[in-house]
Every structure is written in C-alpha cells, then in structure tokens.
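Trainee: My request is simple: use the sequences and hints to build the entire structure.
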Amino acid sequence: MTGLPKLLMTIGVIIFIIGFAMKFINLGKLPGDIFIKKGNTTFYFPVVTSIVISIVLSAVLYLISRFR
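If you're matching positions, the sequence shown starts at 141 in my numbering and goes up one per residue.
Keep in mind that the hints were calculated from the coordinates and are not lab data.
In this text the structure is predicted, and so the values were computed from the model without any measurement.
Watch out, some of these pointers could steer you wrong.
Pair by pair, the computed Cβ-Cβ distance ranges are [what the hints assert, rightly or not]:
id, residue 1, residue 2, range
1, K146, K177, 41 to 49 Å
2, K177, I204, 35 to 43 Å
3, T181, L144, 44 to 52 Å
4, I151, Y184, 28 to 36 Å
5, N180, F156, 38 to 46 Å
6, F207, N180, 20 to 28 Å
7, Y184, P145, 19 to 27 Å
8, S205, K178, 40 to 48 Å
9, F207, M162, 23 to 31 Å
10, K146, F175, 37 to 45 Å
11, F160, R208, 37 to 45 Å
12, S190, F156, 16 to 24 Å
13, I176, M149, 36 to 44 Å
14, V188, F156, 17 to 25 Å
C-beta: ideal position from N, C-alpha, C; glycine also.
Mentor: Have a look at this one:
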C-alpha cells in the first residue's frame, strides 16, 4: 500500500488523535497561559498550550517521517 491510501490513513489517524485530545484533555486552560480581564476587555494568549501542541506535532511528524 503506497501513495494516496497510506497518506489518507495517516491524516485520518492524526485527525483522530487531535479530536481525542480536544475532547478529553483540557487544552486551552493550562497553567502558564496568559489571561487578562479588565472591564469589558479580555486578552488571552495560550503560551503553554502552544508549546504543548508544538511538541506533540513535532513528535507525530517525526514518527511519520521515521516510518516513511
């Protein structure tokens, strides 16, 4: 199995993992995320969430490239 079917299966697994993470893991409200609320203005910058997502994506892409 090469080419397009393998690519589609890999993308499907990645989408499944992302969906699972969004459903059961509380991403977006981790300690270290910047949240400032003053009056009617709210500022939210997910620093730690971005770092965690970056590490996970790097690991997944490394594994994909390793098995290619």
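Trainee: For each hint, tell me whether it holds in the structure or not.
Mentor: Here is how each hint holds up against the structure:
As the Cβ distance of K146 to K177 is approximately 47 Å, the hint placing it in 41 to 49 Å holds. Range check, K177 to I204: about 40 Å between beta-carbon atoms, so the 35 to 43 Å window is met. For the hinted restraint 44 to 52 Å between T181 and L144, the CB-CB distance of approximately 48 Å keeps it satisfied. Between I151 and Y184 the C-beta distance comes to about 29 Å, which sits within the given range of 28 to 36 Å.
A C-beta distance of roughly 39 Å is found between N180 and F156, which places it inside the suggested range of 38 to 46 Å. The hinted range of 20 to 28 Å is not satisfied by F207 and N180, whose Cβ atoms lie roughly 51 Å apart. For Y184 and P145, the hinted distance range of 19 to 27 Å is not satisfied, since their beta carbons lie about 40 Å from each other. Range check, S205 to K178: Cβ separation about 45 Å, and the 40 to 48 Å hint holds.
Here the CB-CB span from F207 to M162 is close to 25 Å, well matched to the stated 23 to 31 Å. Look at K146 against F175: about 41 Å separates their beta carbons, and that is inside 37 to 45 Å. The hinted window of 37 to 45 Å between F160 and R208 is violated, with their beta carbons roughly 24 Å apart. The beta-carbon spacing between S190 and F156, approximately 22 Å, falls within the hinted interval of 16 to 24 Å.
In this structure the hint that I176 and M149 lie 36 to 44 Å apart at CB holds, the actual value being about 43 Å. A hinted range of 17 to 25 Å for the beta carbons of V188 and F156 is consistent with their spacing of about 24 Å.
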